[in-house]
Amino acid sequence: MSERRSSPAFAFVLLMLVSSTAPLLMSVAAEGSEETTSTNVYNAGGVIIGDLDEFDPSEGSEYLFIHEEEPVVSATQFMRQAWIDEGRPGVDDMVIEPSMGRSSGRACTP
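Positions in the sequence shown are counted from 1; adding 675 to them yields the working numbering.
Treat the hints as calculated values from the structure; they're not laboratory data. Warning: the hint list may mix true and false statements.
Label pairs and their computed distance ranges (CB to CB) [as the list claims (entries may be wrong)]:
#, residue 1, residue 2, range
1, F685, M754, 50 to 58 Å
2, R763, D731, 18 to 26 Å
3, G720, L690, 27 to 35 Å
Beta carbons: idealized from backbone N, C-alpha and C, even for Gly.
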């Protein structure tokens with residue numbers, strides 16, 4: 676008599692194999708469709724405060740863990756200074772909600 680060989684473990688292994696190959700198949704399909712579609716440029720709107728055209732890469736902080744032929748630098752300090760020079764726009768719109776510090780410190784007290 677033949678024994679039935681299907682089990683939940685076999686179904687789970689099959690599901691894992693299918694789910695692991697799905698991203699590979701999707702990337703191949705995406706590469707083929709990139710040639711026909713054009714990329715849309717995202718427009719965030721608003722006011723541009725710090726333009727990176729004025730940024731000097733020698734003034735930026737170089738990332739240590741990215742080993743490329745051309746160094747990768749951070750423009751965070753440049754953008755922060757440009758934001759301060761413009762009068763820190765948007766600070767008045769920020770909402771700070773106070774926490775209940777007194778009750779959160781005693782959460783375990785009976």
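Evaluation of the provided hints:
Separated by about 55 Å at the C-beta atoms, F685 and M754 satisfy the suggested range of 50 to 58 Å. Separated by about 23 Å at the C-beta atoms, R763 and D731 satisfy the suggested range of 18 to 26 Å. The supplied range of 27 to 35 Å is broken by G720 and L690, whose beta-carbon atoms lie about 44 Å from each other.
Hint 3 from the list above is the single one not met by this structure.
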